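*Asks:* Listed below are the residues making up each chain.
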Amino acid sequence: MKTFIFLAVLLLVFIWYLTFSATRLDRLHHRVETSWANLDSLLQRRAAIALEIARSEIADPASAMLLTAAAYQAREAVIEKRSVAESGLSGALGLLLADGQSSARPAEASLLRELSELTDKIRIAIALHVDAVTRTQLVRNKFIFRTFRLAGTAPLPVTYEFESDVL
Amino acid sequence: MLSRSLKIGIVCPYGWDTPGGVQNHVRDLAEYLIAAGHNVSVLAPVIDESKIPTYVTSAGKPIAIPYNGAVARVLFGPIAFARVRQWIAQGDFDILHLHEPAIPSISLLACWAADGPMVGTFHAAAKRQKAIFAIGPILEPVIEKLSARIAVSEAARETLTEHLETDAVVIPNGIYADRYRDGVAQEKWQGNTLGFIGRFEEPRKGLSVLVDALPIISRFAPDVRIFIAGPGEADEVIKSIDPQLRSRFTFLGRISEQDKADFLASISLYIAPNTGGESFGIILAEALAGGATVVASDIPAFDSLLDHGRYGELFQSESSTDLAKRVIDLLRDEKRRVELGKAGKTHAQQFDWKVVADQIFSIYEMSLVGGEKVRLTSESRSWSKFLGRESKGDD
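Listed in order, the protein sequences are those of chains A and B. Counting from 1, one number per residue, gives the positions in the first sequence under the numbering used here. Counting from 1, one number per residue, gives the positions in the second sequence under the numbering used here.
Worth double-checking, as some hints may not be accurate.
Residues from chain A shown here face chain B by an in silico Cβ test under 7 Å; the list is partial [to be verified]:
hint : residue
1    : R24
2    : R31
3    : T34
4    : A37
5    : K121
6    : I124
7    : A125
8    : A127
9    : L128
Bear in mind the hints are in silico, worked out from the structure with no lab data behind them. Quantities reported herein were computed from a predicted structural model and do not represent experimental measurements. Heads up, the beta-carbon is just placed ideally off N, CA and C, and yes, glycines get one too.
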């Protein structure tokens, strides 16, 4: 009898632990989604600003072409190729801003200021997203999560590569 | 920048009416956010409930436990947990900002009980501790609920990555830089004077290092005087000083903000001989903002605050001889001393609340993207129901 009760309690605790773990993982997936939504919206805004810069006086025709192409690629990339495309846009912006800063007039100056504020935010957003993703991947790799398939059908979060090279 | 008005819940883990860096930080942040038009509620342990500002809610009386080389006044237990849950349920917050969620106090309880947008700020910088690795598996599922983590310094961030394997965004502690900007130099504090502000009785503040350095300093600068401001009993310290040098020490007690600004503008050098336990060094940032030239020990927090010596002189921590040497050099080199002070003053502007609160607020905005509110976790709700403790409005 005693062993029976003991086993029943053990089973109950185990079931509780499983639901607890499932909630935990669900929460992590949710965190990844939120941080990605945030990062995505910031990146979209950056692409829009890049297009505006391409049309403005700062950009010469050649760099305008490069910038426009990079911005469109960044906008249309699928999630797996996103970070590569965004790095391309960072590179294009970096090339232009390296020598274009001096001739900026008020309108362009405010555009550039907006871009630099946005870049600061993107840097933080990437850090938050990367942390959420690594955490989720780490937890999903644990024995209990794999054995009991606690992740269900949720896709494994994609690592976002570029971290420090945003401008 | 601070666009829409939010309902923000801030949890302070340490006793509200005991002095401390975290408490000051929470108070200043809360008041800054209120002034910016937000609706802020702070939950904190409180000793005397009659003396708290209206935005603070008491979670009960704090318990004193030894932690990280000092006595920490924290609060936990079933009653505190019930109060935390009630505060969350009634607050209807857009976001929770939890301070020090990794120490056993109400921040941790709030993190356990809540679901939704949460930001955590980590203040402490501690050496590797075995105990933390042991409790890591318990903390991990709780800490990972935070949608963003903030560390107040590189040292705090390293502590966090080492102990809990998670990264954080570094946002420094805030100061009201303009309070210290326009101090008027007072003659009584001028000359070859050294200043020290802080709870000088605590060994980790390192006053004894300065006391031991004085015999050497006074040999080269016979007219040197030392002013010590801050709360505490001076008698014990005076006994430890060589009787011949006692006349050079003046204890000012606790001084007002205005006096502090004048004090920092007057003294030749500000000395920060702390031997450890410091994560950011708020008083050092204030000294810089007041235009004082700073000589500080090379503990990690100060080293990064002063950018490896660019904005103030660093000496080998706990070495009185090195401190004496640096002080004498600077007292002799007027030009360099003034230059360091000026550079430091400009550097300190980035710690102003205007800058810091904006950075914190943009972290809030990032955590709010999901568009949900803070609520009790489902587990916590079903447990409350099970125990018949579901809070129904006011108690």
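*Asks:* Determine for every hint whether it applies to the structure shown.
*Replies:* We went through each hint and held it up to the structure:
1. Because the closest C-beta pair between R24 (chain A) and chain B is about 5 Å apart, less than 7 Å, the hint holds.
2. Taking 7 Å as the C-beta cut-off, the interface hint given for R31 (chain A) holds, the closest approach to chain B being about 6 Å.
3. Taken as an interface hint, T34 (chain A) checks out: its beta carbon lies about 4 Å from the nearest beta carbon of chain B, inside 7 Å.
4. With a cut of 7 Å, the hint placing A37 (chain A) at the interface with chain B holds, because the nearest CB-to-CB distance is about 5 Å.
5. Hint on K121 (chain A) holds. Least Cβ distance to chain B is approximately 6 Å, under the 7 Å limit.
6. Nearest Cβ of chain B to the Cβ of I124 (chain A): about 5 Å, under the 7 Å cut. The hint holds.
7. At its closest, the beta carbon of A125 (chain A) sits 6 Å from a beta carbon of chain B; the interface hint therefore holds under the 7 Å criterion.
8. The closest approach between the C-beta of A127 (chain A) and any C-beta of chain B is roughly 6 Å, which is under the 7 Å cut-off, so the hint is satisfied.
9. The beta carbon of L128 (chain A) is positioned within 7 Å of a beta carbon in chain B (closest approach about 5 Å), and the interface hint is therefore held.
Of the numbered hints stated above, none is contradicted by the structure.
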